[in-house]
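Participant: This is what each chain is made of:
Number of protein chains: 2
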Amino acid sequence: MGRTSTARERLLDAACALVLERGYTAVGVAEICARADVKKGSFYHFFPSKQALTVEAVNAHWAAQRPSWTALLAAPGPGEDRLRGLFEQQAAAQRAARAEHGSVHGCLFGNLALEVSGRDEVVQARLAEIFDEQIDLVHAALPGRSRDTARAVLAQLEGMVLFAKLSDDPSLLDGLWDRTALLLRA
Amino acid sequence: MGRTSTARERLLDAACALVLERGYTAVGVAEICARADVKKGSFYHFFPSKQALTVEAVNAHWAAQRPSWTALLAAPGPGEDRLRGLFEQQAAAQRAARAEHGSVHGCLFGNLALEVSGRDEVVQARLAEIFDEQIDLVHAALPGRSRDTARAVLAQLEGMVLFAKLSDDPSLLDGLWDRTALLLRA
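Residue numbers (this note's numbering), protein chains in the order written: chain Y, 1 to 186; chain R, 1 to 186.
Calculated from the structure, these hints are not laboratory results. Any given hint might turn out to be false.
Since the list gives no way to pick one copy over another, a pair counts as held whenever it fits inside one copy or between any two copies.
Claimed, not checked - Keeping only pairs whose Cα atoms sit at most 25 Å apart, straight-line, the calculated DMTMM-like set for lysine to aspartate or glutamate is:
#, residue 1, residue 2
1, Lys50, Asp168
2, Lys50, Asp178
3, Lys50, Glu31
4, Lys39, Glu129
5, Lys39, Asp136
6, Lys50, Asp120
7, Lys50, Asp132
8, Lys40, Asp148
9, Lys50, Asp148
Because the structure is a prediction, the values reported are computed rather than measured.
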């Protein structure tokens, strides 16, 4: 039982890590199985396809991140301070990933959004739901603001993470919130 | 002579269109040749590799876009008005691409930046140069502003184009500049 359940977890972890490192298209089932130390024959016991595994890996990644989003955005104090905490945590995560893996990996959801949109409707639809949930969480921390403003706040995060990944330089995210906060000066 | 030069052009056009539709990894040399109506044996007469073709396709795409960037950003009037013109043109291009191709393709440079960074140093380095040039052009239109502010302006564009592509909805780019302009209220 333990063996069975950890194999599924290992496949999810391996898929998440490999897709962050190399993207969705470049990574195959055989490579995911090798990284997870799971026999390829067992893969299809757990997941019908790489697409299905990717949706579950995306779900697991968001399930792991979501509690810190809700905790940071539900902290006491003004909404802007709570958003600052979230943005500082996102910048710290990119710095930590670079220190651990040797390069800025960016945002799993953003990377996949640009790679699969128009090409894999199932993964695309799930990513759209997760970003909608993120926009809703940010919107809830900004009473009196529009949902478009909440989306613009997240667009600034995704756009700057894109530049940090392209330049492999997490310091581009220093001061991210101070600039993003200007979007709330309407 | 005409035959030779148009084959190279057709390969560049096909690479650009296919990478916008489906991404870098998913598209192979054979498919590019088929779209370009060029024999695969001739491909290597023009380009040593898919990587080399991609760099040239990226260069051609920027060479085609750059004149409108410089013209719009050198127009008379306040810098903010010129940037508004550029952003409105970018939004119109996404709407036009959706009308023509059936889906929002996003930004070739942004799509590639997230797909190849950490995996193809040559394409990544060229994309970083192009984005640096874009940041410089925006920065030159904003006297007295920092280069970080110019990068934040482009991050807002790239982030919102990501959401427009994920949602296949170019209307998300309506009002893009009005929100982005808030980043200049420092």
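Participant: For a quick check of understanding: which of the numbered hints are violated here, in increasing order?
Facilitator: The structure breaks hints 2, 4, 5, 8 and 9; every other hint is satisfied.
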